[in-house]
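S.K.: Every number in this note's numbering is 33 more than the matching position in the sequence shown, counting from 1.
Any given hint might turn out to be false.
Derived CB-CB ranges, DEER-like [said to hold, decoys possible]:
(1) L117 with A42: 17 to 27 Å
(2) Q75 with K40: 34 to 44 Å
(3) A42 with F106: 14 to 24 Å
(4) S103 with L61: 31 to 41 Å
(5) E101 with G72: 43 to 53 Å
(6) V86 with K108: 16 to 26 Å
These are calculated hints, taken from the structure and not from any lab test.
Yeah, the Cβ is synthetic: ideal placement off N, Cα and C, and Gly gets one too.
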Amino acid sequence: MVSELIKSALGRLRIIAFLEGISFLVLLGIAMPLKYFAGLPQAVRVVGMAHGVLFVLFVLLLIQVAIEKSWSFKKSALSFASSLVPFGTFYADSRWFRN
Numbered sequence: 034m035v036s037e038l039i040k041s042a043l044g045r046l047r048i049i050a051f052l053e054g055i056s057f058l059v060l061l062g063i064a065m066p067l068k069y070f071a072g073l074p075q076a077v078r079v080v081g082m083a084h085g086v087l088f089v090l091f092v093l094l095l096i097q098v099a100i101e102k103s104w105s106f107k108k109s110a111l112s113f114a115s116s117l118v119p120f121g122t123f124y125a126d127s128r129w130f131r132n
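Generate the whole structure from the sequences, applying the supplied hints.
M.R.: What follows is the structure, given as C-alpha cells:
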C-alpha cells in the first residue's frame with residue numbers, strides 16, 4: 034500500500050502529513066514534558082528538528098498538490114492550518130487528502 038501512495042504527490046502528502054502529525058504529538062506530549070518536568074531539553078531538540086523537517090516537507094508537498102489538483106485557496110489554507118493544531122493533519126487526511 035505504501036508503494037502505491039509514493040507514486041503520486043497526493044499519496045506522498047498523505048504519508049508526510051501522517052508523520053508530521055505524529056511528530057507534533059510526540060513533541061507536545063512527550064518531548065515538552067520531558068524538557069520541563071524531567072530537565073531533558075535534548076528530547077525537544079531531537080524531536081523538534083524532526084518535526085521541523087517534516088513540517089517543511091508537508092508545506093512543500095501541500096503547495097505541489099494544491100497546484101496539481103487546482104485546489105481552492107480556502108481548501109489549501111485549511112489544509113495548511115490543519116498542521117498547526119494537534120490531530121489536525123489526521124482530520125485533513127480524512128477530509129481532503131483521500132481523493
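S.K.: Okay, S103 versus L61 on CB: inside 31 to 41 Å?
M.R.: holds, 34 Å
S.K.: Given the range 34 to 44 Å, decide if the beta-carbon distance of Q75 to K40 lies inside it.
M.R.: With Cβ atoms ~37 Å apart, the hint holds.
S.K.: Tell me if the beta carbons of L117 and A42 are separated by a distance inside 17 to 27 Å.
M.R.: holds, 22 Å
S.K.: Can you tell me whether the CB distance of V86 to K108 sits inside 16 to 26 Å?
M.R.: At 25 Å between Cβs, range holds.
S.K.: Taking the beta carbons of E101 and G72, is their distance inside 43 to 53 Å?
M.R.: Given about 46 Å between the Cβ atoms, the range holds.
S.K.: Range hint 14 to 24 Å: satisfied by the CB atoms of A42 and F106?
M.R.: Holds: the Cβ-Cβ distance is about 18 Å, inside 14 to 24 Å.
Of the hints listed earlier, there is not a single one the structure fails to meet.
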